[in-house]
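Chemist: What follows is the residue order along each chain.
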Amino acid sequence: MVEVRRSTVLDAPITAVWEVLRDFNGHDRWHPAVASSLLDGGKRTDQVGAVRNFRLTGGERIREQLLSLSDRDHRLRYTIVESDVPLQDYVAEVALKPVTDGDRTFWSWTSRFRTPAGRERELQQLVAEGVYEAGFAAVRALVERRRSAQTAPAPVPKEPRSAPAGTTLEGDVIEGEAIVVARHGGPEELRLAPVQVPPPGPGEVRLRHTAIGVNYIDVYCRSGYFELLQPPGVPGMEAAGEVIDLGPGVPHLHKGQRVAYACAPVGAYATHRTMKADLLVPLPESVSDETAAAVLLKGMTAEFLLHRVHKLQAGETVLIFAPAGGVGRLLCQWARHLGARVIGATTSEEKAAAARAAGAEEVILPGERSLEAQVMALTDGHGADVIYDAVGRDSFAHSLRALAKCGHLVSYGQASGDIGAWDIGSLASNSATLSRPNFGHYTDTPEKVRAITARLFEALEQEIITAEIGQRYPLAAAAEAHRALEGRRTRAATILLPQEET
Amino acid sequence: MTEVYASSVIAAPAGEVWARIRDFNGLPDWHPLIAESRIESGAPADQVGCVRAFRLQDGGFIREKLLALSDYDFSCTYAILESPMGVENYVATLKLTPVTDGERTFAEWSAEFDCAPEAEAELTASIGGNVFQGGFDALKRLFGG
Chain A
1 MVEVRRSTVL DAPITAVWEV LRDFNGHDRW HPAVASSLLD GGKRTDQVGA
51 VRNFRLTGGE RIREQLLSLS DRDHRLRYTI VESDVPLQDY VAEVALKPVT
101 DGDRTFWSWT SRFRTPAGRE RELQQLVAEG VYEAGFAAVR ALVERRRSAQ
151 TAPAPVPKEP RSAPAGTTLE GDVIEGEAIV VARHGGPEEL RLAPVQVPPP
201 GPGEVRLRHT AIGVNYIDVY CRSGYFELLQ PPGVPGMEAA GEVIDLGPGV
251 PHLHKGQRVA YACAPVGAYA THRTMKADLL VPLPESVSDE TAAAVLLKGM
301 TAEFLLHRVH KLQAGETVLI FAPAGGVGRL LCQWARHLGA RVIGATTSEE
351 KAAAARAAGA EEVILPGERS LEAQVMALTD GHGADVIYDA VGRDSFAHSL
401 RALAKCGHLV SYGQASGDIG AWDIGSLASN SATLSRPNFG HYTDTPEKVR
451 AITARLFEAL EQEIITAEIG QRYPLAAAAE AHRALEGRRT RAATILLPQE
501 ET
Chain B
1 MTEVYASSVI AAPAGEVWAR IRDFNGLPDW HPLIAESRIE SGAPADQVGC
51 VRAFRLQDGG FIREKLLALS DYDFSCTYAI LESPMGVENY VATLKLTPVT
101 DGERTFAEWS AEFDCAPEAE AELTASIGGN VFQGGFDALK RLFGG
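Line by line, the protein sequences are chains A and B.
As numbered in my numbering, the first sequence has no gaps in its residue numbers, which increase by one up to the final residue, 502.
As numbered in my numbering, the second sequence has no gaps in its residue numbers, which increase by one up to the final residue, 145.
Please keep in mind that the hints were generated in silico from the structure rather than gathered at the bench.
Among these hints, one or two may not hold up.
With the Cβ distance kept under 10 Å, some of the chain B side facing chain A (calculated, not the full set) [what the hints assert, rightly or not]:
#1 Ser7
#2 Pro32
#3 Ile34
#4 Asp101
#5 Gly102
Each residue gets a CB set at the ideal place from its N, CA and C atoms; glycine is no exception.
Build out the structure end to end from the sequences listed, making use of the hints.
Modeler: Right, here's the structure in full:
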């Protein structure tokens, strides 16, 4: 019999930790090893006897049954009933105790099980580190983050009627609506709720949104993959709208002005918003609200990828992944205009046609030959001078091999999953340069944003790049928009439209 | 029946903390409330059933009987036989659990007892605060955490 005992102390009250752990079907919300969790039909998550079906991130399946659950003792036990991992007669216990000295929580996770002969040590380590300690770290991040989120500023979920004592701005508060994420999770967590939008303070303005951009990063915020949104919170990093009123110290904007933004902090999925005036970009006549909401974040990304991360030169060969996607399409248009030879890498004839329309001279599709072999064939063995790759795990190794000598791989996303650890020695095979830019660092001052958007608006005006809106959803249907985005059913940009005021 | 529970985290391995507190006659060495202690009838301090008689810093006199001692669980359970506190059926347990994540110890001290209803709030506060938390604070000072 193998025994595993692990324990830790979390800086959060026991009720907050128990709320996470008592959910027998909730591991996929926080445990890094669990890709999905499904309960056998008809049972509730706190029903003793319920069976959960885990699919691990490595693909293995495990079925576990809840043996006991005690809200009084903050303790639950479960057993493995079926597993691809050879853990036999496995019974585990999760137990919490309050640390009264500091309102913290002691958490122990223990189990006993048998294994095939000779695999005791390996499986003991897997359970202790891969499951229990990894779980400690994930729940710690979750509950300690929630605790700090309690002191985070607006949006404020609407109080029932009477405003709390001390509210002096009552008359000026606008009753708006926003998509509030109450906890990290799937698209179903995107729910419309009333919110109070406070009047602008010093350096702030209050906006009425007219169009809101939907980006893949919003999915990461919703699911908790990125720590940009602390529930309860409003997702969204891109919108256009009109200035309703201004706080003191905002000389560069005026009431009624059309503006847009694409930046953290999150909070764009709302009818109204109060935010720092520094983050806003005035919109020129030539750029419509919908265009701005559709293109600002992607366009700013394309701008710094092509002009700052790598200064693309005429005559260079550039390989662009997902050339029919939001950023990819703009990269193709702009790179072509800059005089580069553009090769797109995509997955279907339909997307290849879109990539060609956007300026790709050649398009690579999955085929008998590898991506790198196809790139080498198209470039007489030279390779790509620069590669823009937001696919991540599935493409990274191929991208490294498709680079020209002294080429530059710009990895700016991970749509297929984390790239994981890489030996940087492998870059020596072609003296490669690797960049992993972060939008936030290229846009963290008003000066940087002004410079990027000036070039972006000029490119839009001259039709070097064009906005293409594939889908429009009402704000209330944000969940539907996310489902379509994650289901790869969208084409070009997606925007949300706040409902007209009645 | 009244219950009191206090817990803390001590910055030392459980084995080291246990070595300090397992001596049923050793309270004066670490607990600030206890002035002197002896084991009645010359019994060894780890003999289950032995009785310790000790004097508090404020002069109070208490007799307690060791009901259970476990070097395996790092736990010690005892009952009050005689005290000026006004409690009956008082049974307390002091227990240590290793925190595997770092060389720390989760320490729990709990008690159950009967008392006059009007004395309950004050007793709960004084046992949980002065006796239990006071002991934890002393251990935290001893072990630097």
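Chemist: Report holds or violated for the interface hint on Ile34(B), using the least CB-CB distance to chain A and a cut-off of 10 Å.
Modeler: Violated: closest Cβ of chain A sits about 20 Å from Ile34(B), beyond 10 Å.
Chemist: Report holds or violated for the interface hint on Ser7(B), using the least CB-CB distance to chain A and a cut-off of 10 Å.
Modeler: Ser7(B) check passes; min Cβ-Cβ to chain A is 5 Å, inside 10 Å.
Chemist: Does Pro32(B) hold up as a contact with chain A if the rule is Cβ-Cβ below 10 Å?
Modeler: Hint on Pro32(B): violated, closest Cβ of chain A at ~16 Å, above 10 Å.
Chemist: Hint check: is the beta carbon of Asp101(B) less than 10 Å from a beta carbon of chain A?
Modeler: This hint holds: Asp101(B) lies near chain A, its Cβ roughly 4 Å from the closest one there, short of 10 Å.
Chemist: Does the CB of Gly102(B) sit less than 10 Å away from some CB of chain A?
Modeler: The hint holds - Gly102(B) has a Cβ within 10 Å of chain A, the shortest such distance being about 8 Å.
Against the hints set out earlier in the document, violations occur for numbers 2 and 3.
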